[in-house]
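Protein chains in written order, with the numbering used here: chain A, 17 to 389; chain B, 17 to 389; chain C, 17 to 389; chain D, 17 to 389.
It is possible that part of the hints are untrue.
Any copy, or any two copies together, can satisfy a pair, since identical chains are not distinguished.
Stated by the list, open to error - Okay, derived cross-link-like pairs now, SDA-like style, lysine to any residue, Cα gap no bigger than 20 Å in a straight line:
no.	residue 1	residue 2
1	Lys115	Ala87
2	Lys305	Arg60
3	Lys385	Thr261
4	Lys19	Lys29
5	Lys378	Gly88
6	Lys172	Leu20
7	Lys305	Leu387
8	Lys319	Pro306
9	Lys305	Met191
10	Lys94	Leu303
11	Lys172	Ala188
12	Lys385	His184
13	Lys19	Ala71
14	Lys319	Glu231
15	Lys66	Gly243
Since the hints were derived computationally from the structure, they do not count as laboratory data.
4 protein chains.
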Amino acid sequence: MNKLNWGLIGGGKGSQIGDAHRIGAAMDNCFELAAGALDIDPKRAKSYAKQLGIASDRSYADWQSMLEGEAGREDGIKLVTVATPNATHYEISKAFLNKGIHVLCEKPLTMTVKEANALQALAEKKNCLLAVNFGYTGYPMVRQARAMVRSGKLGKIRLMSAQFAHGHHSDAADMDNPRVRWRYDPAQAGVSSVLADCGIHALQMATYIADQQVESLQAHFLSGVEGRELEDDASLTVAFSGGTTCRLWTSAIALGHMHGLAIEVFGEKGGLSWHQEQPNQLYYTPLNKPTQIIERGSRGLHKDATLSSRIAIGHPEGMMPAFANIYRDLRAAMDGDKSAVDRLPMVDSGVEMVKVVQTAAKSARSGGKWLKL
Amino acid sequence: MNKLNWGLIGGGKGSQIGDAHRIGAAMDNCFELAAGALDIDPKRAKSYAKQLGIASDRSYADWQSMLEGEAGREDGIKLVTVATPNATHYEISKAFLNKGIHVLCEKPLTMTVKEANALQALAEKKNCLLAVNFGYTGYPMVRQARAMVRSGKLGKIRLMSAQFAHGHHSDAADMDNPRVRWRYDPAQAGVSSVLADCGIHALQMATYIADQQVESLQAHFLSGVEGRELEDDASLTVAFSGGTTCRLWTSAIALGHMHGLAIEVFGEKGGLSWHQEQPNQLYYTPLNKPTQIIERGSRGLHKDATLSSRIAIGHPEGMMPAFANIYRDLRAAMDGDKSAVDRLPMVDSGVEMVKVVQTAAKSARSGGKWLKL
Amino acid sequence: MNKLNWGLIGGGKGSQIGDAHRIGAAMDNCFELAAGALDIDPKRAKSYAKQLGIASDRSYADWQSMLEGEAGREDGIKLVTVATPNATHYEISKAFLNKGIHVLCEKPLTMTVKEANALQALAEKKNCLLAVNFGYTGYPMVRQARAMVRSGKLGKIRLMSAQFAHGHHSDAADMDNPRVRWRYDPAQAGVSSVLADCGIHALQMATYIADQQVESLQAHFLSGVEGRELEDDASLTVAFSGGTTCRLWTSAIALGHMHGLAIEVFGEKGGLSWHQEQPNQLYYTPLNKPTQIIERGSRGLHKDATLSSRIAIGHPEGMMPAFANIYRDLRAAMDGDKSAVDRLPMVDSGVEMVKVVQTAAKSARSGGKWLKL
Amino acid sequence: MNKLNWGLIGGGKGSQIGDAHRIGAAMDNCFELAAGALDIDPKRAKSYAKQLGIASDRSYADWQSMLEGEAGREDGIKLVTVATPNATHYEISKAFLNKGIHVLCEKPLTMTVKEANALQALAEKKNCLLAVNFGYTGYPMVRQARAMVRSGKLGKIRLMSAQFAHGHHSDAADMDNPRVRWRYDPAQAGVSSVLADCGIHALQMATYIADQQVESLQAHFLSGVEGRELEDDASLTVAFSGGTTCRLWTSAIALGHMHGLAIEVFGEKGGLSWHQEQPNQLYYTPLNKPTQIIERGSRGLHKDATLSSRIAIGHPEGMMPAFANIYRDLRAAMDGDKSAVDRLPMVDSGVEMVKVVQTAAKSARSGGKWLKL
């Protein structure tokens, strides 16, 4: 398999998400980091690109010149990852899709539903892949959970619990910290902070596992740290298309929680529980029987879990191979594998979660009204 | 210390809660089980009372004869525990209070707010203790948590999470099981099932730890098992008097959860986490510092935790000594110790939780409106 | 069921083990604490006996007068618990057995093998029960483990791991603490400290679950805190009669361990894991299948586990009900139930563990030689 | 930073360790997989090399031609990883060192002490790095543990516990499975199976964290599965040069254990506990204070832990980034950074662990004699 040329926008030095993308994209030799516009500061962008081994003529000062440069080359990038501030996702994704380049965009896809819909239509028109980096769907045991739900093993899913509740914005002193402050500034972050940043990861994963869509919801937003204009904690009850009710809690002030992403599934015939901080185990409780601990790498897993797994049972796989699974599936999808598209978090999820954010903000402002998406 | 005579209504053979009361009351030699009306079936009541060593003239066929019998004796019981079906709590408690006998009543205190208020007024008038068995407040580390909150160590409490989500009513086949069915029958259970049965335990504990009262709330009820008229799952957002927001999740269909009672506290300066299934540990996270595992029985605990603890660190104490702490405090309160009253779940909590159930049911019916208590 | 009169020697005010015995004996109404010689200080003994409700004429200044007093009464105690310093176990147990009184003796049974053998012979001759308080065998899930091994579900047991490694003697400053110092003084503690105090609990439990006896062993002793004459850490490899190898680690300097009692069973067809600090769960791994978490109180447990369990699944039972199971079985055995004897840790275990201590000390002194018991 | 050319011997298709090396070496752009002799079958070797993007003229049929080919090129590999069967480590490593190529060799370094010593001398003479892939030393929290021990924070280390006890060879049916059988065949595996395969990982890590060497030991070997000529379970007590006693348990029949690598440190002033299956947390218990959970990625860690960490707190890092840390340090060491050598498991550890295996096998055969290394 030859590597395909890939480009990265954003993800400069010190960016954690940039590293995760680079490592994930490289892990299976599917992609070569051929081009980049890595930093808003052109000098830093150049210097870091050099360090990463990007050829100097493909290390760009901004995404516009990158688009121009790459679109004009025979060996131009086939996939671009957009890891820039949220407000820029729309125009960058649009521009690259317009040139027929596949896009993996960081979440949230856009700031408005209108933009999200436009991107979806454009990707379809251009016959391009547009995936949204709900990267936690790459974990093998998340895929195992989805396969178990799909197989009917759990019966009808009555209820799910989705959590992404961390405590890293608990320090009121961070009001002055620029890395935190912008997240609670409506001018920069839009109508929602922690729901848009974290909560939709958990909710998207719930829809992914349940194989259902969001139909309606009610929301309560809390600004727990005094002075914050946007919510740092939220609770939603969400109705899914297949009849499942999903309870979502997301927080940035749950002091003591480190990451706090967890999904639970409660069906007629069985329950599942998965925690991102211990991602190699899936807890499965068949009705009226003992709970089982299903280990990544063990025998008898669904192929979507087995193929997403790289090392032997008992050796922990962390977040990076989960990202690598996203990239491997993107490559397979680019090579025409439809089943890979089914495994990927595609634009429809991205659109749906933008709607969730907007609808939840509206519901929260209205005192918790039930609203259709 | 001489033992005081104590009576038990309900808690017959096979009743788990009855055993827990008997063991708890006996553990510290504060009370002697002197009288009982243990079963709705007078024969079974007699037989079990004999087995428990109750004198035959104080083993009663019903609570009415017990009241008459005991009120007429010089050595009559000083405290009665009411562990009968919910709908009978009111009249039994009222009758014993009227005779000046202290009462420990199982939760929920009554079926209506009016009844609850009446009992509160009566207890005050009669100068009697009326405690409600939110027995989990007897756990040493729950008391440690409360002491830490009160001390200001956690700063202002922004948020709490209260859960009591089990999975023991997940089996749809239990629709025909009389031990389960009545719980979802409005005629027998009233306006709420799992919230009234489980959820208020968690919420009461949150108010206990936070030292605050419930002011208003919004609720969503779900009947996950087809055909149930009452909720088997509920989510509430609750505003406390001191400014804390509390998120409550309670369930009977969370398949895989065994008990699922857990309380978390998120303050400005620290967080706490406690789980009933591992009750000897309290997780404490000071702001910007590592989480600490505070062990029951370790040095430096608050005296309310130390005094509520019986065996050395590392040996698990379970639910029975928690109940024993309730009885020990009742005895101390009867002996005039005001600090014991402060440690106990008293009638005000009982009234409050009856209001919570009624208000939540109303909010849930209204689509999640915010309602004052 | 009428209560039987029971007496306690030792277990005075502040003694944790005394409380555990009293609560355990009382829990199921099998025994009445009728007599006591609770403290080496006669005044404290009297005062505490009064507090516990022992009649003043049966509150004795020492065990000798208790023996005399009780043996002379028609309603004299039928069972005595010996919870005095180790060196006194022999003569007290001997004296009470000689009067035909059943004995529950704290571990270690005696200081020498000769004494242990003598007690065993005497108990047999007098047709008395002589149990040794390896009280952790009272835990329901320990009994479940034993039943699973006996049923053949795990196949031949190749290997066991037994641990009782705590860290509570890690502080070198405790060299001056009288409550710790005597434990490392050969004049008071004999040939072994932590093995005799803790390790034999774990090893006895391994033999109990495996249904095998100790045949031979090798040992290594460590005195980790400078200046200690006896071991505060030991490792043994033990050969059992049925072919199982058991690895034992016991420690008092494992800083960070709270209690550290854990048993693991590794058979041909399955494995088990149980930890005293989380005693309500038994982890069971069938060969080539996922690990299952078997909960106390769940359906389908062996009757020895079900009958040893008092409260519903999900409510933690701690150490006190485990002790109560010992007392309930003692009562049943006194009433002629042979199956109760099978569940109890009897004198043969007591003798065996005295031999283990002596043999291990000898092996450790010899540089780790394999020695027959 | 330009990438250095790197070669891999062994690690063919389906080899898990090969993937771990490739991903680890690639993660930080330190090395380019320029050459390989990936499989004993030349055809498979070629085909897999092509898939991995190795140029066809540098995809070799065997290590001899690779040595010849690479040694003759200006752009020849600077580092080779030896991931072949154990018995071939010696001659391959020797040959590459002789050509001045740095070597990372899988463990065990060699089959005999003589060979190990010879390689050590050769590496020194040739001024080449010779590292041995005790790859678990690359975990950030292992490095944090080492830094804490070195800092004196735990005081003198009295005792350590090292475990690597899995259950994956529990199935007696695997006697016929060629992937398992050779491991228990002395002709192929040498004098030891599970100790040489797993146990030395844990023991090496203990020496790494303690910053001490092995001086003497005693061992017990068990062949738990009938018919095995080599041990599938072993227990060692090991004396370290700085006075620490280390207890090692290693197993392949601990049914229910998944991986089972864990290290505990017990010092005068504090204790540490780390488990490979949950590698992002280090449990630290200061004397007489609560246990703390130190998270990878949190503030205030030692720089060796911080620099070994790639993603934010709460996102799990697994085994692959641990391997990447080994490669990053190798690169730094090749670039002259002495501190990187200090972080790496170098040949001295490799030699020491070969001695441990030989000495332990001898001790086990002698009935557990204490033997100097």
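Since the copies are identical, ignore which copy is meant and state whether Lys94 and Leu303 lie within 20 Å (CA to CA) inside a copy, between copies, both or neither.
neither (47 Å within a copy, 45 Å between copies)
20 Å Cα threshold - placement of Gly88 relative to Lys378:
Classified as neither; 44 Å inside a copy, 64 Å across copies.
Evaluate Lys385 and Thr261 at a C-alpha cut-off of 20 Å and name the case that applies: within, between, both or neither.
both (16 Å within a copy, 18 Å between copies)
Indicate which option fits the pair Lys319, Pro306 if close means a Cα-Cα distance not exceeding 20 Å: within, between, both or neither.
between (25 Å within a copy, 17 Å between copies)
If the cutoff is 20 Å on CA atoms, where do Lys115 and Ala87 land: within, between, both or neither? Let me know, please.
So Lys115 and Ala87 pass the 20 Å test inside one copy only (7 Å; across, 46 Å).
How do Lys305 and Leu387 come out at 20 Å by Cα distance, when the copy is not named: within, between, both, or neither?
Neither. Shortest intra-copy (38 Å) and inter-copy (40 Å) distances fail the 20 Å Cα cut-off.
For the identical chains here, do Lys305 and Met191 meet the 20 Å Cα criterion within one copy, between copies, both, or neither?
Between copies only: 19 Å across chains, 49 Å inside a chain, cut-off 20 Å.
At most 20 Å between C-alpha atoms: does Lys172 with Leu20 qualify within a copy, between copies, both, or neither?
Close neither inside one copy (41 Å) nor across copies (54 Å); limit 20 Å.
Up to 20 Å between alpha-carbons, please classify Lys19 paired with Ala71: within, between, both or neither.
So Lys19 and Ala71 pass the 20 Å test inside a copy (16 Å) and across (13 Å) alike.
If the cut is 20 Å between Cα atoms, do Lys305 and Arg60 qualify within a copy, between copies, both or neither?
This pair counts as neither: shortest intra-copy Cα distance 57 Å, inter-copy 33 Å.
Intra- versus inter-subunit Cα pairing at 20 Å for Lys19 with Lys29
Between copies only: 18 Å across chains, 24 Å inside a chain, cut-off 20 Å.
Check Lys385 against His184 for me: Cα-Cα at most 20 Å, and say if that holds within a copy, between copies, both or neither.
For Lys385 and His184, neither the intra-copy (29 Å) nor the inter-copy (31 Å) Cα distance is at most 20 Å.
Violated hints, in rising order: 2, 5, 6, 7, 10, 12, 14, 15; the structure is consistent with all others.
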